[in-house]
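There are 2 protein chains.
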Amino acid sequence: MALEHVLLGMLRTPASGYDLKAEFAASISHFWAAELSQIYPTLQRLEKRGLLTSKSEPSGRGPRRKVYALTRAGRAELRAWLQQSPKVNVERLEWLAQVWFMDELEDPKRSLAFLGALRSELAFEVAALEKIEQQWRAEDPRYPDQLPDHEFYPQLTLALGLKKGRARVEWADECIARIKTRVRRRQK
Amino acid sequence: MALEHVLLGMLRTPASGYDLKAEFAASISHFWAAELSQIYPTLQRLEKRGLLTSKSEPSGRGPRRKVYALTRAGRAELRAWLQQSPKVNVERLEWLAQVWFMDELEDPKRSLAFLGALRSELAFEVAALEKIEQQWRAEDPRYPDQLPDHEFYPQLTLALGLKKGRARVEWADECIARIKTRVRRRQK
DNA sequence: TGTCACATGTAAGACGTTACATGATTTT
DNA sequence: AAAATCATGTAACGTCTTACATGTGACA
Chain E
287 MALEHVLLGM LRTPASGYDL KAEFAASISH FWAAELSQIY PTLQRLEKRG
337 LLTSKSEPSG RGPRRKVYAL TRAGRAELRA WLQQSPKVNV ERLEWLAQVW
387 FMDELEDPKR SLAFLGALRS ELAFEVAALE KIEQQWRAED PRYPDQLPDH
437 EFYPQLTLAL GLKKGRARVE WADECIARIK TRVRRRQK
Chain X
287 MALEHVLLGM LRTPASGYDL KAEFAASISH FWAAELSQIY PTLQRLEKRG
337 LLTSKSEPSG RGPRRKVYAL TRAGRAELRA WLQQSPKVNV ERLEWLAQVW
387 FMDELEDPKR SLAFLGALRS ELAFEVAALE KIEQQWRAED PRYPDQLPDH
437 EFYPQLTLAL GLKKGRARVE WADECIARIK TRVRRRQK
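Quick mapping for you: the protein sequence lines, in order, are chains E and X.
Mapping the first sequence onto the working numbering, position 157 (from 1) lands on 443, and the numbers just tick up by one.
Mapping the second sequence onto the working numbering, position 59 (from 1) lands on 345, and the numbers just tick up by one.
Hints may contain errors.
Which copy? The list can't say, so a pair holds if one copy fits it or any two copies do.
To be verified - Simulated crosslink set (DSSO-like; lysine-lysine; CA at most 30 Å straight-line):
#1 Lys-449 x Lys-352
#2 Lys-341 x Lys-449
#3 Lys-395 x Lys-352
#4 Lys-373 x Lys-395
#5 Lys-307 x Lys-474
#6 Lys-395 x Lys-341
#7 Lys-352 x Lys-466
#8 Lys-307 x Lys-417
#9 Lys-341 x Lys-474
#10 Lys-307 x Lys-352
#11 Lys-341 x Lys-466
#12 Lys-474 x Lys-373
#13 Lys-307 x Lys-373
#14 Lys-474 x Lys-395
#15 Lys-307 x Lys-395
#16 Lys-417 x Lys-341
#17 Lys-334 x Lys-466
#18 Lys-466 x Lys-307
#19 Lys-474 x Lys-334
#20 Lys-417 x Lys-474
#21 Lys-352 x Lys-474
#22 Lys-341 x Lys-373
#23 Lys-449 x Lys-334
#24 Lys-449 x Lys-417
#25 Lys-334 x Lys-417
#26 Lys-334 x Lys-395
#27 Lys-341 x Lys-307
#28 Lys-373 x Lys-352
The set of hints was computed from the structure by calculation and includes no laboratory data.
None of these values were measured; they are calculated from a predicted model.
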């Protein structure tokens with residue numbers, strides 16, 4: 287399971303399930319997400335398999351935290367995964383399916399409304415990534431190419447997120463313009 | 287369920303489950319995929335709910351085909367779905383997660399091998415989309431902006447597939463160049 | 001006669017989401 | 001006193017993949 291490997295990777299520095307959830311939201315959200323209800327059982331499973339160890343710690347506020355750390359076997363499993371060659375899967379994009387069948391509505395106004403809403407969602411995602419980038423840049427003057435490996439490889443993924451996000455916003459703008467042109471042409 | 291709606295959309299022209307699987311592979315593969323083992327039960331469910339009807343037909347070769355068609359209720363359901371505003375979900379990209387943690391291997395040669403393999407997979411996908419585009423262009427001189435709505439909206443999705451695919455290949459090339467630069471710098 | 005393409009299905013398991021349950025501590 | 005945040009979990013359900021089962025007709 288890929289989530290297992292992602293968690294192993296994140297746990298190179300020990301953390302609780304709750305911490306991990308926060309980290310998904312903070313930095314990894316452009317290519318992975320997981321709910322607590324999936325994280326907790328997965329951590330338990332990894333511990334049972336001997337890839338993680340846990341210890342209960344008092345938390346400054348709230349109940350005790352269960353902090354997980356990689357075992358030697360866990361690190362070996364992580365390395366083995368990193369050496370697997372990339373598998374590119376089909377991404378299911380429901381909103382693109384909606385665009386595909388949009389002719390059914392026979393209403394360019396609806397199409398424009400849909401693509402407008404889509405554009406704003408996509409732009410919002412880009413803005414979130416740009417904020418993360420600004421933070422990274424502010425934190426370390428070596429950003430991006432002089433960063434140590436531990437931050438350099440994450441930066442590569444951020445670069446893709448930004449590139450892809452901007453391409454999508456551009457695409458939405460082009461769609462809107464093309465549909466408007468068609469409407470005008472039909473009115474003549 | 288989104289697959290249900292995608293099937294309803296595809297069934298505006300009647301088809302069998304087997305046909306639909308072929309169409310996923312032929313034209314929709316850049317944003318959706320489904321196995322026969324998922325398609326058949328889903329079609330049955332949609333029929334039970336009154337959104338589809340089926341009739342058994344002899345096939346030129348092989349066993350009889352079960353051809354499904356939209357009912358009035360099915361068309362209404364399709365329209366209702368198309369009027370829902372877009373929901374953009376997190377796409378889980380395992381290969382990007384591998385890049386994120388790649389520093390663990392402490393081996394730029396492995397990173398380059400990984401990104402090289404990735405680049406070729408991504409380029410292969412772009413090539414497949416370009417082939418589809420060439421076909422469409424050859425079939426209809428109105429491609430892309432003078433196409434009737436029924437082909438115009440699908441073309442919009444193809445345009446995104448191409449744009450995104452090319453951006454990803456570009457990104458992989460940049461990653462490879464940046465890693466090589468780092469290696470050279472370290473050797474000095 | 002064997003293999004390939006056509007054609008439809010079931011079953012088991014993996015993965016992910018939503019809802020529910022519980023309780024501590026801090027802030028308003 | 002209520003709400004928000006910290007913290008861990010279970011249960012039910014929905015979705016997707018992989019493996020298995022069955023059978024027809026065409027072609028080599």
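Hint-by-hint comparison with the structure:
no. : hint              : result
1   : Lys-449 x Lys-352 : neither (37 Å within a copy, 44 Å between copies)
2   : Lys-341 x Lys-449 : neither (40 Å within a copy, 48 Å between copies)
3   : Lys-395 x Lys-352 : neither (53 Å within a copy, 37 Å between copies)
4   : Lys-373 x Lys-395 : between (39 Å within a copy, 19 Å between copies)
5   : Lys-307 x Lys-474 : neither (55 Å within a copy, 41 Å between copies)
6   : Lys-395 x Lys-341 : neither (58 Å within a copy, 37 Å between copies)
7   : Lys-352 x Lys-466 : neither (56 Å within a copy, 41 Å between copies)
8   : Lys-307 x Lys-417 : within (19 Å within a copy, 41 Å between copies)
9   : Lys-341 x Lys-474 : neither (73 Å within a copy, 44 Å between copies)
10  : Lys-307 x Lys-352 : within (14 Å within a copy, 46 Å between copies)
11  : Lys-341 x Lys-466 : neither (60 Å within a copy, 41 Å between copies)
12  : Lys-474 x Lys-373 : neither (50 Å within a copy, 35 Å between copies)
13  : Lys-307 x Lys-373 : both (25 Å within a copy, 21 Å between copies)
14  : Lys-474 x Lys-395 : within (17 Å within a copy, 60 Å between copies)
15  : Lys-307 x Lys-395 : neither (40 Å within a copy, 32 Å between copies)
16  : Lys-417 x Lys-341 : neither (34 Å within a copy, 55 Å between copies)
17  : Lys-334 x Lys-466 : neither (58 Å within a copy, 40 Å between copies)
18  : Lys-466 x Lys-307 : neither (42 Å within a copy, 34 Å between copies)
19  : Lys-474 x Lys-334 : neither (70 Å within a copy, 46 Å between copies)
20  : Lys-417 x Lys-474 : neither (45 Å within a copy, 35 Å between copies)
21  : Lys-352 x Lys-474 : neither (68 Å within a copy, 45 Å between copies)
22  : Lys-341 x Lys-373 : neither (35 Å within a copy, 39 Å between copies)
23  : Lys-449 x Lys-334 : neither (40 Å within a copy, 44 Å between copies)
24  : Lys-449 x Lys-417 : both (14 Å within a copy, 24 Å between copies)
25  : Lys-334 x Lys-417 : neither (38 Å within a copy, 49 Å between copies)
26  : Lys-334 x Lys-395 : neither (56 Å within a copy, 34 Å between copies)
27  : Lys-341 x Lys-307 : within (18 Å within a copy, 49 Å between copies)
28  : Lys-373 x Lys-352 : neither (33 Å within a copy, 34 Å between copies)
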